[in-house]
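Participant: Here's the letter readout for the chains.
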Amino acid sequence: MDIDLLSNIFFATVRCGTPLLLVALGELVCEKSGVLNLGQEGMMLFGAVIGFIVALSTGNLWLGVLLAMLAGMLLSSLFALVALVFNANQVATGLALTIFGVGLSSFIGAAWVGKPLQGFEPMAIPYLSDIPLIGRMLFAQDILVYLSFALFALVAWTLLKSRVGLIIQAVGENPDAASAMGLPVLRVRTLAVLFGGAMAGLAGAYLSLAYTPMWAENMSAGRGWIALALVVFASWRVWRLLLGAYLFGFASIVYLVAQGIGLAIPSNLLAMLPYVATIVVLVMLSRNALRTRLYAPVSLGQPWQAGH
Amino acid sequence: MLLSLEPRGQQSRPMLWFSPVLAAALTLVSGSLLFLLLGLDPLLTLHTLLIAPVSDLYGVSELLVKTLPILLCALGLAVVYQARIWNIGAEGQLLMGALAGSAVAVNIIDMESRWALVLILLTGVLAGAVWAGLTAWLRTHFNANEILTSIMLNYIALNLLLYFVHGPLKDPAGMNFPESAMFGDASRLPLLMEDGRAHAGVYFALLALVAVWVLLQRSFVGFQVKVLGLDKRAAGFVGFREKRLVWLALLISGGLAGLAGVCEVTGPIGQLVPQVSPGYGYAAITVAFLGRLNPIGILFSSLLMALLYLGGESAQMTLNLPQAITQLFQGMMLFFLLACDVLILYRPRLNVRWARRQAAPITGAV
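Chains as they are written, first to last, in my numbering: chain D, 96 to 403; chain P, 586 to 951.
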C-alpha cells in the first residue's frame, strides 16, 4: 500500500464521516436533554432536497445550506409539538417523522432527480495541505467539512465546559429536579430538538450540495439511523462520537481500499459493510447492560410534564 | 395559553377509535390543501386517488393484491408492538422471504408437483422468521437495541437481494436484466378469479388474521405479550419469561413478513426482481398503529393503505403526480394519529376568561 492510497483513504474517510458527524452531534445534544428523536433520517432527507432545490434555483449554495437547516428545524418542531407538548411516545413520533420526511422529500424532489449541480469544491489550504498523509485529510476538504470541525468544537465545548451544557444534562438526567431548580425543562428540550433538526438538515445539505451534488430519493441511505447507533457507540461522550463518525466513514469507503489492493468483491456486498459494522458495534457496546445504564441520560425517551 | 390540555384521569374509549378516523380525515384535508397549492382541483384529485382505482372489478382485485403484503406485515407488527418490541424490520424480513423463496423456486422450475409451491412458501416464511430471529438474538443475548438492529438488517437484506438478483440468481437467458427466471407454473399461487391478479395468498392473510386475533385476544401467550408491553417489571415479577416472549413475538412477526414476501414473488410478480416491495414493510408500521394493534382494526387500515398505494399509481399515470404521494400520506397519517391520540388521555379546553373557574386543572392519576 503506497502513501498516496493511504492519503486518499484518510481524505475519503473524513469526507464520508462528515454527514454522520453532523447528524450525530445534533442527536447527541438532543439525547443529552433526554429526548430520543428517531426522525434523523427524515429530517436529513428533507434538508437534502430543500438545500438542493434552493441552491439549484437561486445559484446560491449557502442559501441552500441555510434553508436546509431551517427545513430540518421545521420538521423537528413538528416532533417537538407531538412528542413534547402532546406527550406522545417518542419512539413512535420519531418513526412517524422519518416516514413523513422520506415521503415528503421524495414527493418534492421527484422533478429534481438527476439534475446536475455545481456543488461545494474542495478548498486546499496552502502549505498545510501538503503535509504527508494527513494534509489532504484535514486541509484539502470542502468548506462544509471545515464547518463540521468548528461545529464539533462548539458542541464539545458547550457540553463539557459551559453552563448551557450543564443545564442540558441536568434536564436529561433528572427533569423533576431540574424543574424544581427553576430550569425551563420543556424549553430546553425543545431547543435541543430544534438544534438536532438544524444539524440533520445541514448533514442533508452536505450530501446533496457537496458529497454528491445531486438529488436522489433516499440518498441518505440510512445515515440518520447509523448516527443514532453512533451516539450509543460513543456512550454519549462527544470525543468518542468524533472517533465513531470517522470509523463509520471508513467502513463506507472500504470499497476504495478493496479496489486499491485489487480485491474484486461485488459492490452490493461491500455496500452492506456500514450496516454490518453498526450491528457489530452495537453488540460490542450493549453487551454490558450496566455500561449503557451508566452513560445514557437517565430520562432518555421518557415523556415529562410539569407538575407530575 | 388559549387552549389547554386537561387530564381525563382515564383512557377515553371512544377516543381510542375516533382518533384514527380523525387522523385519516385530517390527512385528507391537508392533502386537499396540498393539491390546491399545486394548482389541482382537490375533489378531482381525491377522486383519482381514492375512488377511481377501485371503481371496477379489476381495481378491487388489485386492491386485494396490495392489501395482502401490508396486512400480513402489519399483523406481525401488532404482535411485537403489543410487547413494546420495536421491530422496524418487516421490510427486510419481507425481502428475505422473497429472496429465499425465489432461490428455491429457480432451482425447481421443472418440478410439476404442487409440493413445489408448499416448499417455496415454507422457505419464505422460515427466511423471514430467521431474519427477525437475528434481531431477537441480538436483543436477548447482547442487549442490542432492536430498533437499530432491525433497521440495519433492512439495509443488509436489500443489498443481499440486489446482489443475488444481479449475480447468482440472474436469469442466464434474460438478456442481462437483473431478474431471475420466471418461476414454473407449479410454483405460482393460483389466481382467485379469471381477470385480475388477486391470488390464493388472500386465504393465508385471512388465516393469519384469525390466528393473530386468537393469539392476542384469547390466548395466554397473547396476555403475556401484552403484560410485557405494559410493564416489563410486572411481567418479570409474575414469572413471564421475557426472552422467550421476545423470541416468540419476533419469530411470528418475521414469519408473517416472510410470507408476505414469498407471496409477492410467487403471486403477482412470478420471478425475483430488484423492486419486490415499494416499502410495504414500512407502510405496515403506520397500518399497525392506525389499526390500534388490533387485528380487525388492522384489516381496515391495511385496506386503506393499499388504496393509497393504488391511488399513488393512478395519480402518477393520470395527473403526473409523483408516486411518493403514497409515502407522504402515510407519514402524515401516522403523525396526525399520534397527535390526535393526545385526546385519549387529555381533554382539550378553551381558556376563555369567563370559564376560568371551571377550567381550573383537575389533577388525576394518569
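Note that these hints are calculated values from the structure, not bench results. Treat the hints with care, as some may be off.
Unchecked claim - Which residues of chain P face chain D? A partial, calculated answer using Cβ under 7 Å:
1) Asn744
2) Tyr748
3) Leu792
4) Ala796
5) Trp798
6) Leu801
7) Ala820
8) Gly824
9) Ile910
10) Gly916
11) Leu919
12) Leu928
Note that this is a predicted model, so its numbers are computed, not measured. The beta carbon of each residue, even a glycine, is placed where N, CA and C say it ideally should be.
Participant: Now tell me, hint by hint, if it's right for this structure.
Facilitator: Do the hints match the structure? See the list:
no.	hint	result
1	Asn744	5 Å, holds
2	Tyr748	4 Å, holds
3	Leu792	28 Å, violated
4	Ala796	25 Å, violated
5	Trp798	23 Å, violated
6	Leu801	19 Å, violated
7	Ala820	17 Å, violated
8	Gly824	21 Å, violated
9	Ile910	6 Å, holds
10	Gly916	3 Å, holds
11	Leu919	4 Å, holds
12	Leu928	9 Å, violated
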